[in-house]
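Guided by the hints, dock chain B onto chain A, whose structure is given.
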Amino acid sequence: MALTLGLGYASGLVAVAQAWMIAGLIAALIAGDGLDAALIWMAAIAVLVRVALGAASDVAGVRTGQKVTAAVRADVLAALSALGPSWLTERRSGEVVSTVIEQTDAVEGFVSRYLPAQKLSSAIPLTLLAVVLLLDWRTGLILVGFGIAVPVAMGVVGWRTAARARGQMTAMRRMSGYFLDRLQNLTTLKLFGAEGRERAEMRQVSDDFRERTMSVLRLAFLSSTTLELLAGLAIATVAVTLIAGSTTGDTGERGLIFVILLVPELFLPLRRLGQFYHDKAAAVGAAEAILEILDAAESVVPPESGPIVAADEAPALSVEDLFLAYEGGGRVAVDTVSFSVAPGEMVALVGESGSGKSSILDILAGFRVGWSGQVRIEGRAFDPAQVRPISARAGQAPRILAGTLAENLRLGRPEATEADLWHALEAVRLAEFARGLPEQLDTQVGDGGRGLSGGEARRVGLARAIVRDAKLVLLDEPTSNLDSRSEAGVLAGIDALRPGRTVIIATHSRAVMDRADRIITLHQGRIAAPDTGAADA
Amino acid sequence: MRDLWRFLTLMRPRIGWVLTGILTSLLTTATGIVLLGMVGGLVVGGTLVGGAAIAGLVLRGLAVLRGGGRYAEKLSTHQATFRVIADLRVWFFDRAIPLAPAKLGGVRAGDLLSRMVSDIDALDGLYQQILVPTTVALVLAIPVGLILADVAPYVAWLALGALVIAAIVIPAIAEACGRSAGREQLGRTAELRTATVDQIQGLADLLANQAEDRHRAKIGTIERAREMAGLRAAVVAAVSAAGSQALGQGTVVLVVVLGALAIQAGQTDLQSVGIAAFVVLAAFEAVAPLPFAYQMLGRTRAAARRILQIADADPAVVDPANKQPMPSTTTLELSGIGFRYPGADRPVLDRIDLTIKSGERVALVGPSGSGKSTLLSLILRFHDPDSGTVTLGGVDLRALSLADLHGRIGMLAQTSPILAGTLRANLAIADPEASDARMREVLIACGLKRFLDGLPSGLDTWLGETGARVSGGQARRIALARVMLKDAPILLLDEPTEGLDADTERALIETLRPLVEGRTVLIISHRPAAATLAQRVVRMEAGRLAASSAPDSDPAGTPGSPA
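Chains as they are written, first to last, in our numbering: chain A, 1 to 537; chain B, 1 to 563.
Check before you lean on any hint, since a few could be wrong.
Said to hold, decoys possible - Partial list, derived from the structure: chain A residues whose beta carbon lies under 8 Å from chain B:
(1) V51
(2) R92
(3) V97
(4) I142
(5) V144
(6) T187
(7) K190
(8) I527
Hints in this document: simulated from the structure, not taken from any laboratory. Every residue, glycine too, gets a C-beta built ideally from N, C-alpha and C.
Looking at chain B on its own, in the form it has when it is part of the complex:
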């Protein structure tokens, strides 16, 4: 329940809409009760004060009022709900960002999407189906009780008792019975989404391995499990709704019978009984949606938990409370670094000491798995080291703001993530204000002139998701162009020339040579040509730094810069 309370407090910025929804719902339901009460009095009593003509006018007026009220209620409660939900999506995104990449490793992107789309959607019932009708039921219980007490106190207590059962007991039972079905529905939906993302993004591998129909069968199995959970939920909803309905109609009959007895005893008159019967009818109509809503509560709570799992996760690194100003120099110093991934049995980095002076270019070489990329992730402060310190310009990274730190670093990662969007949108991530001319200049500097000339719509050409419409080499160079556009004083290059043929590699190295000049650079590469960009080569073996040397002589014949 505490989880749901959190989400109620998150509604505070939309309090205006939230209260409007509750108020219109209250007024509309009250109008409905008065309307039916009058009908009851009219039917049984024969006339009302002022005669049938006026009564007819009042009745029609109330009917119109109730209709309009119902419309206003639906509009305002839905406005409130959807505004809150849009807020929650942005809030969730805000919460997820600090977790990347260290804390999101175990969560599949498809699953994350499920949390952000369907789990947040599942919270829509919280306000609209639970908070609003529950409040209305509680508030209206008193006037309804007073009207009923007019017949006889015991009729009032009896009808109120039945209402309590319909509004509280049956919903509580529905909630208990629907809980596991709801949770399972949600979990299966996330599974279905993960498998569907695999099916769509992995279709090439599935087809080539003739595994496509098997994977579809797997999706079918998940679908059937989800159906069964859905059916269980539907049975709980139908039975509890039927129970509440039967109770309502039974109570009406009972009120009539007891009313008759009260009339015989001379305690009340016919008209009061008629009014009471119809008021009970209207009151039950008001609580009718509650069993269904509470049956969904299990699902809503499971959704809330899944959302909070991400939103409340502790990031691996946090901004310091007292941020130090950014140092003016860019000397990177790693001293005594030890690091072990959570759950791993041995450290990936062990007593690493490495200094990259401001303006120095260092190449880090070594077999894969030796810890090179981990070292980069410590410089980016994706993780904090278990022991030792990483400093920039003499200041511990842990004392700097993450945004400031990342603002100083241009990082070319091993994968070249191309966002679904145009070439321009991909470059604008680095610098939203960059002019077309500047973008072209950088693209050409990264060896993409012919690619750019061949694009049907130039910078506005759609690149396709994960760069599906560009080749591996082109994607890498677009990613490089993005880094260059950022124009940061520190460059981290993780295998910058992988996937490029020898000629292109040579050309790219020559393109990079002036670009890396004057910056503080750390290059990870096993290719001799890339290492020639560095002034110093450091070898890494199994988490330890080995020898440091001048770059090997370049096979292409370009002399390496002296160390």
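Looking at chain A on its own, in the form it has when it is part of the complex:
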């Protein structure tokens, strides 16, 4: 920032020298004295130095803006991670994506253009004003008058900008959220013949964004126009006054032309400020969404890191009085549930859809906030997020990330060997499928698992857990959506995974229940038949 300002200010000073030389040239011309070659060369050099300084200042500004933007983006992403998946499920991810990308990008224009322009818009004009005052105090006073009008005009124009800019950024997020959702569900819309209605909605969302953008720009343009106008009037007034005054001859010819040339230079930084005003408006609007995320993350207490139980043996796990109510709705998802799992034991959580199985697994995976109760590993209470180093999890809808199949399988253990990956694929009966892929493990997969069917994605998720080789395994409905042959394969995978590990599975599958050491049945968030001894029923 200092570099940007220094270069920008220096460029402003060179402008003074340049104006002095050109004034000399013109004065000589008017006096009929002919041309001074040295003066021409010096003027040319001043021009070059000036534009070079200006360009360097611009580039330095962009670099500063980029650095600040990258830092903000990193902070926002870190905050989202701290807030976790449950916070995100309450929001449209397209909106959050827009905050991370477009709205954070708005910071760059603010830092690289608006802020330097703002600082220079007082420094350079004040310096030039001092020069003018020394040469011709009457012109100086005229300029002081116009100068006072500048902040007043800006204030009048600017007072509603913040609110409108927030409206614009909200509309932009809404648009991004809506578009992403609809683009991800194009096929569904098509099947229901809803294209026409969605098209109308899309038109409305786009138009809303356009109108809000224009309402911000109208103010931004008003401010830049006001500044242009003030600049124009000031130049005209000074020119007319000076010409009238020059007949009295109290300012030298060169001084007169010099002052006239300085006036546009004096207003140039102010005009630039007006041009970049919308950068400020955009940043002010974007700040709301960015701060919402950063502030929300502030309240999240990061789990204490540090040594937890040894990761090479299956741990004992117990939960006490787990309780979770859905946000806002008041509906209880998990109602004072307590149970314990012995080292190496496999426990199945069963119950009808919505009975709280998945919520318990989410709590154990550290995805939920606002729950109460205790989670203990080997008798010690932990924040579930602290348990992650020793746990693996496969959910109902594993995300296949943009990247190769191998990268996806290695997600939980980057150092896993290729043999590990094939072993895991073998275990979930995907090895044959993987061998049939054009580039086998190096085949690109990703984005919502497109390219992989739902069942294949599910098995990749389970294979990931196998590759991860953690001693506590949380599985959320690993067999649903698989045909019987593949289900048998997954069951074999679970059998392979099981020795030496503590496993908790939420399931509907009879075959999985049969394998469990114990079944815990949930009904409306409570344990219905605690600790049923046998796995059969």
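Okay, now just chain B, sitting in the frame of chain A:
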């Protein structure tokens, strides 16, 4: 360039705004040139006709006019731009719909979003920063040349030459130097978006695998590459702007010097030189934004190409030119069907013959990957078969309108897509006119009574993106309710009871039993209970149909309907 021309033609519906923008810009710039020319005459010449008082009034008037004009110009060019951009978004969506799902398989949704949001946004420079100033520069070159010729013809040629360099040569160089940086910026932005969508939608998997910080580091790497491309673009912009600025100021000095020589030679007077110098100053101000605009042209063109990649892609299937009327019966007949996915080395479907008579219910069973879902996608005409025909009521699907065809079919897919929105909005996709009572009735019929009663705001409860706030089983039943609300004569059910526990499955089957009655139904399921909804079970193995049989006896004890 042809790509950009396409977008210029797409502006035609907004021609009024487009021309208003160009016109106001032209007038404003011309006013600016006159204003500065007068100032020049005044400064050097000392007086103007009518004396200083009138000159002062005229000057102030022109200054106000220019300020107001600048405002009107900005408003009208931005109105034109944003109207065109809103049009383009809808146009892009229209173009993308026919491509789903067959032709969009390789495109990530995050990338698609990037095309629809930032690539279309990147086109905003096309009109405002390129078309408008270029037109203005071309039109005003003639009067500026005439004013300069008043000093001396060679001054005019020289200044015009410098203007040509500033308006054409420097922008062209900026365009060439900025092209690769612009393209890379755009590509990196799309990458950044895809990775961010992964980070946000896949946060659970990333956290559980302790891969979250690694993935964030990956985003950081993309960000840095994007920064470097941005910096390259900024350097090109700054240097070319500096070049144009230096050229402008140098030309002013040169005009003064040459003017002085011309005065000495008695060819012209002082006032003409003063006017000329300031006119040149104003003219350069008018072309000053061009280098920056053309430096962005590479980005704009890359954006145009990315948009057209989707918008001009050939859909896998198209509506026929001569649509046959919809047949009255709903008999589905597949005969001699062979199908291979593009790029696959062997066909997924091989010589399939299957007839589902009007009102008949058939279950299709078989291991995953045997081609069951592909068969459904042929009935939905997401693809056309490579060989053989699919007919509905004796008419080839290729002769029917896609909208009519989809209007006849209720499809419950393997995934249960829940749109971000309320429960009501999700159901209204199937029937926007459905009453609350009707929606409730269908939800209850799909076994969602208790779910519905437990919702804080009933039908207006927000379901969360991809149904994140409902369980897998609930999502499936909401999707089923949507299908039932559509009330189509043909039902395609792809694993309708997956993810449901045995009791719920039984209940749902019993709910479905009256609903499937009288419709033409194809069920894909490996669960014996679901197959009891069918009158006939067909097995599929590796793309071929195997045996056809009556449904197995139901483990729950409900007798299967006779074949």
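Checked hints:
At about 4 Å, the closest approach between the beta carbon of V51 of chain A and any beta carbon in chain B falls short of 8 Å, and the interface hint on this residue holds. Satisfaction of the interface hint for R92 of chain A is found here, the shortest Cβ-Cβ separation to chain B being roughly 5 Å, below the 8 Å cut-off. Because the closest C-beta pair between V97 of chain A and chain B is about 5 Å apart, less than 8 Å, the hint holds. Restraint check, I142 of chain A versus chain B: the minimum CB separation of about 13 Å is more than 8 Å; hint violated.
With a cut of 8 Å, the hint placing V144 of chain A at the interface with chain B is violated, because the nearest CB-to-CB distance is about 19 Å. The restraint placing T187 of chain A at the interface with chain B holds, with a minimum CB-CB distance near 4 Å, inside the 8 Å limit. For K190 of chain A, the interface hint holds, since its Cβ comes within 8 Å of a Cβ in chain B; the closest pair sits about 6 Å apart. Hint status for I527 of chain A: violated, given a least beta-carbon distance of 16 Å to chain B, over 8 Å.
Checked against the numbered hints given earlier, this structure breaks hints 4, 5, 8; the rest are met.
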